[in-house]
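In the numbering used here, the protein residues as written are 2 to 126.
Treat each hint with caution, since some may be false.
Pairs of lysine to any residue residues, derived as SDA-like cross-links and limited to a Cα-Cα distance of at most 20 angstroms, are as follows [claimed, not checked]: (1) Lys70 - Thr93; (2) Lys63 - Glu53; (3) Lys82 - Arg57; (4) Lys63 - Gln40; (5) Lys61 - Asn34; (6) Lys61 - Leu84; (7) Lys70 - Trp41; (8) Lys82 - Leu38; (9) Lys63 - Arg19.
By construction, these hints were calculated from the structure, which means they are not laboratory data.
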Amino acid sequence: MTAADSMTQEETTLRITRDFKASPEKVFDAWINPEMLVQWWGPEGMTTPECEMDVRTGGKWKTTMTSSKEGGAYTVSGIYKVLDRPNRLCFTWGWINDGVRGCQCWMYFPHLCCLKITHFRSFDF
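Could you build all of it, start to finish, from the sequences and the hints given here?
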């Protein structure tokens with residue numbers, strides 16, 4: 002058992018709220034349109050040359066980010082659980098590189114220009 006195994010869901014949950022000068026539809030689309038997603042996906046110094054999306058409930062997605070400094074490739078993938086444009090988006094998330102799966106991302110667009118993300122560890126997928 003690792004330390005992470007004994008942590009509560011609250012201890013392994015990341016909550017982020019961001020305001021955007023864009024409509025909920027536009028922000029939602031930035032998460033499900035591959036041409037838009039590759040423009041912003043990943044941290045500074047990374048590019049996303051590979052992006053596959055089967056945008057439907059039960060559909061799979063996968064992106065590969067590469068580091069301009071190190072040249073390493075980092076692949077993450079998941080399955081769409083909820084697509085309710087422009088209100089809610091939920092998908093599973095797991096790094097392929099280390100073989101560890103077990104996160105879900107819930108995105109809510111409660112009002113114009115606001116995005117609420119809840120990223121938590123889950124093994125229910």
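Hints, verified against the model:
| no. | hint | verdict |
| --- | --- | --- |
| 1 | Lys70 - Thr93 | violated, 28 angstroms |
| 2 | Lys63 - Glu53 | holds, 5 angstroms |
| 3 | Lys82 - Arg57 | holds, 8 angstroms |
| 4 | Lys63 - Gln40 | holds, 15 angstroms |
| 5 | Lys61 - Asn34 | holds, 13 angstroms |
| 6 | Lys61 - Leu84 | holds, 12 angstroms |
| 7 | Lys70 - Trp41 | holds, 18 angstroms |
| 8 | Lys82 - Leu38 | holds, 18 angstroms |
| 9 | Lys63 - Arg19 | violated, 24 angstroms |
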